[in-house]
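Participant: One letter stands for each residue in the lines below.
Protein chains: 2
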Amino acid sequence: MSTKYVDDFRTAARRAVDWVADYLENVRDYPVTPRMNAGDLVDRLPKSAPDTGEPFKQILKDFEKVIVPSVVHWNHPGFMAYFACTGSTPAIIAEMLAAALNTNGIHWKTSPAVTELEQVTLAWLRQWLGLPDSFFGEIFDTASVSSLHGIAAAREMADPDARENGSRPNLTLYTSEQAHSSIEKDAIALGIGRCNVRKIPVDAEFRMIPGALVKAIQRDLDAGKRPFCVVATVGTTSTTSIDPVPAIADIADQYALWLHVDAAYAGAAVVVPELRRIFDGVERAHSLVVNAHKWLFSPMDLSVFYTRRPDILRRAFSLVPEYLTPVDDTRAVNLMDYGVPLGRRFRALKLWFIMRYFGREGICTLIRSQVAMAKKLAGWVDADPRFERMAPVPLSVVCFRYKGTDEQNQAILDAVNASGKVFLSHTVLNGKLALRVAIGNLGTAREDVEQAWELVRLATMAAEAWRPGSL
Amino acid sequence: MSTKYVDDFRTAARRAVDWVADYLENVRDYPVTPRMNAGDLVDRLPKSAPDTGEPFKQILKDFEKVIVPSVVHWNHPGFMAYFACTGSTPAIIAEMLAAALNTNGIHWKTSPAVTELEQVTLAWLRQWLGLPDSFFGEIFDTASVSSLHGIAAAREMADPDARENGSRPNLTLYTSEQAHSSIEKDAIALGIGRCNVRKIPVDAEFRMIPGALVKAIQRDLDAGKRPFCVVATVGTTSTTSIDPVPAIADIADQYALWLHVDAAYAGAAVVVPELRRIFDGVERAHSLVVNAHKWLFSPMDLSVFYTRRPDILRRAFSLVPEYLTPVDDTRAVNLMDYGVPLGRRFRALKLWFIMRYFGREGICTLIRSQVAMAKKLAGWVDADPRFERMAPVPLSVVCFRYKGTDEQNQAILDAVNASGKVFLSHTVLNGKLALRVAIGNLGTAREDVEQAWELVRLATMAAEAWRPGSL
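So the sequence lines, in the order shown, correspond to chains V and C.
For the first sequence, my numbering assigns the number 1 to the initial residue and increments by one for each residue that follows.
For the second sequence, my numbering assigns the number 1 to the initial residue and increments by one for each residue that follows.
So that you can see chain V by itself, here it is in the shape it has in the complex:
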């Protein structure tokens, strides 16, 4: 490569490193969410790309001045919305290295490092998760896509003819009312159809009711339907409730269903010994998703998919064109045979950096402290008679509400978020709007959680003052 090209990079990349370091050091100075209207960034940017190239200095300046002010800072200690997560420093470095190598693990031969490091890191993670060696791992971008592959394999097990002749309209899939919307979306994409997704009721703690699952399966069998898959969730999106996997696995066995477990968020918690029990029965799953970009300190995107039936997944997806003939070696795994995407970026590199940099104990300490902070917050909520907690807190998410109207709760949420100090999200539980505090960023400290709670209490006083008739 030309010297100028490389020298320009060296200067600009060093400047970018300094920017990142300063950003991480001072991230609390940024408002978590921008104050802007839709279209503001579009309006600030030129209508066309430049004809001639621009210097890095200008691009980096615009990045700081124009782009960053439109960013929601998911890497901010005050980010407690959705599932809080972390773009950790080892992964930031690894992403840069991966982009520089730009190596692509389509099949083994196209880059042994990509395939083998993916196998190694997912074997390491499998140990951390206490899963049997029979679990085969691969990386996708998002949990939606991982679950799509689990459900596709389920279809292949139930109806091997689908690969050739298409989905049959009688296949039915089971998941709970609290399952992630991606399960339903995957069923749409796969040609299963939304009407063939049964949403099984949950108990008072938002966990799938096994008896209701059996009833639904029986009803479908009686109607000539063909139950093929059940999706259990370990750590649902609203409340982090944990479906009773052992009972669901029994039912899956009884009816010969594929059991897919969505542990996209909660899977990482199993690294902590005292939380291991949330994975009871998961070793019986046919497939499993755990997102490293949720609670394993990886930036987007790194969704880990495991299956103990790679043979079935491979049967569903293997399709080898002449120009991609793989090497003939049993140790050479060709990951393109196990899913839709063909290109495979070197995502495993960041997982390897993360696992080595933090070590099992480092990850364990972080997750343990985040769960402790959530329990502390739950205690504050419980101790304040103006609030009610809306769900148990098994992990690092707390759902609660002010004992008033939904409008008041919305007003509290909006006021808290307008502070720019924290960003909370919401959900609806038992028909009521609930505030939702998710703790998961590496930088989040006790003071951040205290601040969030203080802001909620302040906003509540304001909302109370505005109660109709209160003036």
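Be aware that a few hints might be false.
Remember, identical chains collapse to one label, so a pair may be satisfied in a single copy or spanning two.
In the SDA-like style, the derived pairs of lysine to any residue whose C-alpha atoms are separated by at most 20 angstroms in a straight line are [stated by the list, open to error]:
(1) 47 x 66
(2) 47 x 134
(3) 4 x 445
(4) 65 x 36
Derived by calculation from the structure, the hints in this document are not laboratory data.
Put chain C on the given structure of chain V with help from the hints.
Facilitator: Relative to chain V, chain C alone:
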């Protein structure tokens, strides 16, 4: 964040920047492909992740000593396999920044910058590609996933009931014999079924024959099938042949089929004015895929998907759970409504860096020179009576063979690749093994192509000497 955490990053990231700069400067010193057996890297790495964290220094050292020697260097000027591509410097910097921000564009509110910069950069690219403003763009990881969305939207147009009740077994899809395998794989995933994919014959220049397409559609209609989609390819994977899109668009109109155009590789070439004609008729496509990580100097992964019917795509995929209620603003696009993946990493940032750093003229100059190098190589092949060219060279890929046996051609390929200087791949055309030289890396210079050709000629002399009976 703690000072040590940030300081450690600053030191290690600077070291990583220097490694990348040195790597780019001296990349020709690396063998393009590693000499190793399957499992070698697995065997060199520990069986378990460390319990306690390790210093960056050690991780970076192992990266250099253990990981890099197992990498196929797709960013090497001698990489001429598959489709050559580039992890360019502006994108390397942008990937680091994106990982540090770790912002996630699920819907507009979760990060306006992600959504709006994706809209802006894809509007810029749309202009470069000469497409109408009505083309709505979004980014997926790979072309396989982009095309999956095109075909899913096609199904939604033909059979809006599929979303609710699943795919019907009579839907048929048309593409050429030379189409990428991902089209068939997408049909499997979507529940269309492999048997419902018709592979239309091609002419002597590997382009779909419109008359054969009409015949296949008619045959299916007569048999009670329901043709719903045709996939044309602009730049096929084997030979970069260009299907006659205007004629195919006429047929799509006539039979009310969705027209999806796979221009994953070749789309970028349209930035060059004299190559614009390869996009004739593409403005009539319902959807289109162009991979920036192929020929737009982006590292993996960045697949650009356009559709002029976002309404249909949205109808297929929109599904909004309570915890993701978007803001009520017509300018706030919620990209989660237009596909399977929910999380959306800040891929647009690297596209913005690339388009600004190179500018339209910079990109144009690079692509133009790569096409010229391919034509030069084609001329050398044509001038040597021992070789035959196997396909036209409209872009930057040259397919040719030594006029001997497949075994001899394979031996030539193996010998050339064993040099470590270049990496070529192969394909099969008209039943014969062909060598395939793809030019597309930013660093590839005339000397690299000359060297590749010289290596082929040397290896051919060896292969000729080894002809049975020649000793």
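Participant: All hints are to be evaluated individually against the structure, with a verdict given for each.
Facilitator: Going down the list of hints, with the structure as the test:
1. 47 x 66: within (15 angstroms within a copy, 46 angstroms between copies)
2. 47 x 134: Answer is between: at 15 angstroms across copies they meet the 20 angstroms cutoff, but 53 angstroms inside does not.
3. 4 x 445: between (44 angstroms within a copy, 16 angstroms between copies)
4. 65 x 36: within (14 angstroms within a copy, 47 angstroms between copies)
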